[in-house]
Structures are given as structure tokens and as C-alpha cells.
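Asks: Listed here are the chains, written in short residue letters.
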Amino acid sequence: MSAIRDLAVQGMQMALVLLLAPLLTGFVRKVKARLLRRQGPPLIQPYRDLLRLLHKEAVVAVNASWLFRAVPYLVFAATWVAAALVPTFATGLLFSWSADLIAIVALLGSARFFLALAGMDIGTSFGGIGSSREAMIASLAEPAMMMVIFSLALIAGSTQLSAIAAYMLSLQEGLRVTLGLALIALVMVAIAENARIPVDNPATHLELTMVHEAMVLEYSGRHLALIELAASLKLLLYVSLIGCLFVPWGLAPVEGTVPDYIFGILAYAAKLFAGGLALGIFEISIAKMRVFRVPAFLGAALMLGLLGALLRFVSGSF
Amino acid sequence: MGVTFALAGIAVLLGLALPAIALARVKTGTPILYGIALLASLGLLAAGAISLLGGVESETVLPLGLPWVGAHFRIDALSAAFLVIVNLGAAGASLYAIGYGSHEHWPARVLPFYPAFLAGMNLVVLSADAFSFLLSWEFMSLASWALVMAHHRDPENRRAGYVYILMASFGTLALLLAFGLLAGPDGHYDFATMRAMSPAPLLATFVLVLTLIGTGSKAGLVPLHVWLPLAHPAAPSHISALMSGVMTKVAVYAFIRIVFDLSGPPDWWWGLAVLAAGAGTAVMGVLYALFENDLKRVFAYSTIENVGIIFVGLGLALAFEANNFGAAAALALSAALFHAFNHMLFKSVLFFGAGAVLNATGERNMERMGGLIHRMPGTAFAVLTACAAISALPPLNGFASEWMIFQAILLSPELPQWGLKVLVPAGGALLALAAALAAACFIRVFGVCFLGRPRTPAAGAAKETDVFSRAAMFAFAGLCLIAGILPGLAVDAISPVTQLLLSARLPIQAAIPSLTFVPIAAERSSYNGLLVFLFIAASASIAAFGIHLLASKAIRRGPAWDCGFPNAAPITQYSAGSFAQPIRRVFGTLLFRARERVTMPPPGSMVPARIDVEMRDLVWDYVYAPIAGIVGTIAERMNVLQFLTIRRYLTFVFLALVLLLVVVAI
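In order, the protein sequences belong to chains U and H. Numbering-wise, the working numbering puts 96 at position 96 of the first sequence, and it's gapless, one number per residue. In the working numbering, each residue's number is its place in the second sequence (first place is 1) plus 1000.
Treat the hints as calculated values from the structure; they're not laboratory data. Quantities reported herein were computed from a predicted structural model and do not represent experimental measurements. A couple of the hints might just be wrong.
To be verified - Calculated cross-link-like contacts (lysine to aspartate or glutamate; reagent style DMTMM-like; alpha-carbon spacing at most 25 Å):
(1) U:Lys56 - U:Asp6
(2) U:Lys30 - U:Asp49
(3) H:Lys1463 - H:Asp1186
(4) U:Lys56 - U:Glu213
(5) U:Lys32 - U:Asp6
(6) U:Lys288 - H:Asp1562
(7) H:Lys1553 - U:Glu57
(8) H:Lys1553 - U:Asp6
(9) U:Lys56 - H:Asp1562
(10) H:Lys1421 - H:Asp1562
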């Protein structure tokens, strides 16, 4: 019985993240547009974009290899699996034990690895510029993320995301210096990982400032649709991650009942709303950085994360 | 029984060295020799695996070596584990060389030394007394030196051989002194006696430092690594794979044998020293790799990085062991051993791939490659798998072992010493940095060599390599996946080693349902590589199926878009140097004194603009150059002694005699 329920929760979550991801992207765009006194595209515009891309023929460069055509599926699959393992509305995910937080982050790393390779496959200079900068950003963002994981794992005594969320929910910890540092570092990493302002601009097509968009410049049609969907999923994943770690309230417990789950979904919707709103406001109130300022930004995240972990290593009371 | 069988295998290899001189003269000799070496390695592999899994220890004493010691050979769990690593790597290299070896221009310079090198590495692992250990160690070094010098017409290779033989002699000297201290004044050279009498704390400290120098110089710990990126690439590619993938592991074996087994209980700061050396090595190694353009040298530098990771695991194990945290020490040691095994697998594939590319294009410089995935699809696929594995991407094996090291780090806040409390998280941060930089490094390697468009006609005319080479690469790439999705079974296989050295082991993984890997406790952390792999496969299939149902299947081939630029020349692609530029700006300015100078032509001039990058190797500048300078100066001064008159020489002889008599008198 419980296995069936857990399976249902896991299945629901997989479908839910897939369905909600474009909506969150559309919502952030809407918030930004409204704050700039524009009407903005409707909330469902990302779905329409995806559908249109799916129905178009894919134009592939003559010298593209098989890797170029396989990468969208790999990137999408790795991101989807990672997103399916982050608790959104309930903690009792059937497969949560198959990958802990380190593995989830590494899955996103796999997606990035292959996307960066795809950027170099055609042999254009823009693809290369995107891959090279993405590699530089990742080389600082990943250790910063690892330090955040260290801090959280030391607090909760586990790297299992469901266990950390359950621990946070039990309110044993209260406010901690380490938690605050980890939150700031995690938000900074999330901004960089999702190619948001001030690190990268998802809306730009000015060549020299592109990072993520430059890597996927050669993609079109269904391949581009998968990559766009994966990017939306990644944004949703990070919002869910921050939600389940730092505002775990409303998460349905392991042995949840139906009202628990309904309440969990409502709470999750509220978290996504708040996250999207905060991201939109943050993005319009700050200018994009020069590429070579990004290392300082991410270096700060790394140092904050390291400080948090170090404090926790030194004493359990931080 | 096991050890007799293993020694017979080694005897076959040694016996092969002489007929190899004759075999080298005939064309069919090369595959025959490598075929026999393959069989011998498989036999030794079986001996190691049976001893490890069956838990059999066996020992034999041969009437060789020092008359009052004899030559002790012994297989225990540690030797057996490294027999498996050494001989699996050797079997792969032999299989690869059945095909690859036919491209050798001077087989007589390679064939005799190859089986001798394999025999040397096996003998080191089996030796159970200091004399046969050092003899085997030196034999291994000399055989590999001869292989490095195989193409000695190239002045770069001669220099590599010179630096290598210097560093190898220095390392052996350090080990000789370490064993001297361990043997004590009465000269107990067999390991069983050494183990029984643990040295005094001060002596043990010297032993640790000497062992770190001796084995670290062979394994490539920074700053003793300078010979490694010169020597490993200079040898033919299957030898490079052996030196990088296997010989560095023999050095790791020597470190474990001396420090964990022979030196008595560790002090807590041993862990600190080893951890610091390992973490620094990991980051420096991968940064060197990122800024290097020679494909084989990139792989050699990446070996330094991975040796650093292994030493981080060993340092953690020492720190835990010193505080009697048995389970945590077992986790850290298992992680180090598993990473040693994994590194042997993927580094072999990478060097095999580099050899195939070198044959196909005649190039080692990445800036002159490109687009090889179209012309060498099999090689490209195997190398891609290895690149993903070495970049610690799930579900492959590199991730599994690095995940274990991170889990071990997360157990360390319970360590009581302040030094460890501060340094362990810093080591963890450096390790995470090294892992992320390794991913960047291997995106660069694969992207520049195999993807894009060919940068030279040679790269455009490359041909796929032969079937034996591909078989070796695919077999090891497949093992990378298997070890990655079933890490629990590998850890179970390692457990006799931790039981032997630490009297502790991880929980039996085979008993855990659905093959999940749980190092300590399920609520603490677990990882199921198999399930992650199946999930990714299923999600990708669902996506492909959904696309097949819903979306347009039309595909059109057209020229590259590139933001509307016309089809530019291949030289406009991102190169290896330009790919590394952002990272060079971030990390290189401080650690490598990287300077970029852009020379723009005056307006109207048609001269191309130039960018010059200058980087300095600070280790070479500040450690080795002064030493070389001092040695040179002393030699210069001593040179005077060569041109004296006979009277002066006689005076010197007389003075020396008087001095010696005075010494004897006192």
C-alpha cells in the first residue's frame, strides 16, 4: 500500500515538474515585463513556444555529429531525473534513496558537460565562446554548491535530500549562522547555474554577452524545444530546492494523507509564486555583469559556503 | 599456492624479455609477444582476484637476494587488490598493443622491455621484504625508463628520460632510507618482522616523510611531479597508459604498504600532511592540464590530479585511523582504492585514444586536430565515455569513488583535533574545485580534438584505428560503466583490504536490496548508480518516444547558422588555448604568472593581430631551477680538480689517507 502511494507521489512529481516548469519561466517573464510597465507575453507563452518548436523541422548543420543530435535527449533526461528527485510538495519520494544531493548536483553537471560539448560540435566561434565561459562559470559554481551541501549535510547529518528536508521541517535547528551563509551561497549559485542576470541574460541575443544562449545557438526545432524545457526544469529545480531546504513548511510528510498532499501542492504553488516574484524583482533591479566579474561573484559564493561549512566543522553550535 | 602461480606468471613475463629481441626482427613477432603478455597478465589477474575474493593468503621464500634474508613473496588482501589493478591494466595495454604495436618503427626498442616492465610492477606488489621490494622497484623504474627512451632520437624524449631517471633514483633513495629506519639497527628486512616491531614516534615521522617523498615522486605528488608530464607522454601510447594508469598505482601501493601496514599506529597529523599534499596536488594537476596543449601531456597532468584525489582519501583514512574511527577509515580507504582502480580504467582508455589519434593524424598538439568524431567514431565514443567518467559524472565510476570521498569528509567533524577540523573542509573545497575543473578540462579535450571541424589536412584525413585497439578501449569503457553502476560490489571486493589494514569494513553491500550503495547508514546517504542509469535511459527514451509521437520528424541539413556569419575558415573555431582563456584569467594569473599580450596592427595594415600568452611553472622556477643551479655551481668549482698536476693528486691521496687513519684511530 505504502509502496503504491510512494510510487504515485513519485509519478505525480515527475509529471508535475514537467508541466509546471514552463509556467514558472513564463511567470518570471511576466513579472519582469509588468515591473517594466510592459504587458508582457501571456503566462502560457512558453508552452506555445515549445509546441511550435516541436512542430517545426529541425535544421542541423551539415557537419554535425551524432553527439549533436543525442545531446538534447541526454540533457533533458538528466535534468528531469534530477528535478524528479527534489521534493516539491511531498517528502516521501519512492526513489529518493537512489541519489542524494551530491548526485543530484552531479546529474546537473552531466547535463552541462554534454551541452558544452554540443556547443563545440559544429565548430563555430559562438558555440566555443559559450562552452568556454560555461566551463569557467561551472568551475566555480560547482565547488560553491558542494560547500552548501557540506553545510546542510553537517546540520542534518545526512546528504539525502528527503532526510534534510524532514530535519528542517522538524524545526530542531532554529536560526543558524551556517544556514544563513548557505542560503546566500545557494541563491548565488542558483542565479549563475540558471544563466540569470547578473551572470548571464536569458533574453539576450547580443553575441558577446551570451553564455548559455551561445552554446545552444545552432539548435532548432524539437532539439531546441528539449533544451528550452530542460532549462525551465533546472530553474524549477533550484526554486524547489531552496523551497524544500529553507522554507520546508507545507511539505507533505512521508506517511501523508490526501489532505496533506493537497495542502502540500498549494504550499508548493505559493513557494513557486514567491520564488518567481523574487527572481523577477531581483533581475530588473540589477545590471548584467561583465563576464570577468562573474568569477568574483562566484568566488564570493564559494567563500561564503566554505565559511559556513568551516564554522560547522569547528563547532556544532553555529 | 596463489603466490607460486603468480611467480610463475612473472617468470613467463621475464622469460619473454629475451626472445623478444629475436621476435622484434619479424613482423608477426609483435602480436605474438603482446598476445603472450596478455595471457600472462590474465593469469596473474586471476591469481589476484581469487586471492582477494577467496581471502587466501600465501607466502613463499626463494633462496635469492641477501643470503640471511632470502626473497620473500607474499599475497595478502592488499597485494591481491593491487595485483588485480596492475594486471587488468596490463591486460588492456597488451590487447591494445596487439594492434597498436605494429605501428612501432623500432620494435626492438620496445618489445624486450615491455614484459620486463610488467614483471617489475608485479614483483613490487608481491615482495614481502625490503630487499626484494627495492630491487623490484628499481627494476620497474629502469624498465620503464628504457621504454621512455624508446624514441631517443627526439631531444625532448632524451630530456624526459634524464629528468625521469634522476627523480626515480632520488625516490628510491628516500625509500631505501625509509626501509633502513624501519628495519632497525639489527637489519630486520622482511616485512613480517618490521610489522611486529613498530618504530619509535620520531623514527615513524621520518619514515612517513621519506615514504611520502619516495612514493610521491613516483606517483606524481606536487612538487615532485615534474618528471611525470615529460616521461609518461614520451613513451609509446600503451606504455603511457601503463605508466599513468598502473605504475602510479604501484606507488600508491607502496605508500599504503609502508604507512598503513609497516609503520605501526599512525599519528593524527600524518593524515593532515597527506591530505594537504593530496588536495594541493589535485588542484595543481588539473590546472596544469587545463593550460597544456599536448594531448598526452594533458592526460599525464590529469593523472597527477587523480593521484591527488587518491592521496586525499588516504590522508582521511589515516586521520580516522589515528582516532580509532574504524568505519570512517574503512570508507576513506575504500574510496581511495576504488578511485585507484577507476583511474586505471579511464586513464588507460584516454591514453589508448591518444595513441589512436597520434597514429591517425601524426599529431599530439590539440590545436591541430578537430572533427575526429566523424572519422574515428569508435575511438571517439570510448574516449567520450572515459572523459565523462574522469569528470566524475554519474552514473560512471569516477563519480562513485569521488562521492565516497565526499561522504568520508562529511564524517570528519567528529575528529577531535583542531588542525583537522579546519583543514578537512578546506581539502573538501579543493577537491570539489578539482572535480569541477576536471570537467572543464575534459570538455576542452574532447571538444577540441574530436568535435568541430578539422584544423589541419592531417586531421581531416584521419582513419579509424584497428580492431584490437578498439576492443581494448571498448572493454575498459564498458568496465567504467559497470563499476559506476555497481559500486557496492567493488566495495565488497575491497573490504578484505580494509579488514586487513584497519580491522574494519563497510557494511556488506551485496546484501542491500536493489543494489543500492550505502556506505554508513541508509538515512545518512545512499546512491544507486544502476537506478540512476536506468532512470536516465528511461527518461531519454520517454522523451524520444514523445517527440516521435508529437513532433515533426523532419530534419534538414544546412550550413551552420553561427549568428548569420558566412561559413568561416576552421581556424576561427575556438581552440584549446582560447577555451582555457577564461579559466586562465581566473586561476592562472596568480599560480602561473600568466600574462597575455595583444599586438594590434596599425590601422590600415593587413598584418594579423597577435596574442601572446606567457606562463611560468613556479615549481620549476623556485624549486628545481635553484637546485639545478647549485649543483651546477658546485660541479663547476669541483671541475678544477680535474686538471691538477700529479704532485697535487698525490698530496690529496696522502691527506685522505691521514684523515681516514685519524677517523679509525678515534
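Asks: Check each numbered hint against the structure and report the violated ones by number, ascending.
Replies: Violated hints (numbers, rising): 1, 3, 5, 8 and 10; every other hint is consistent with the structure.
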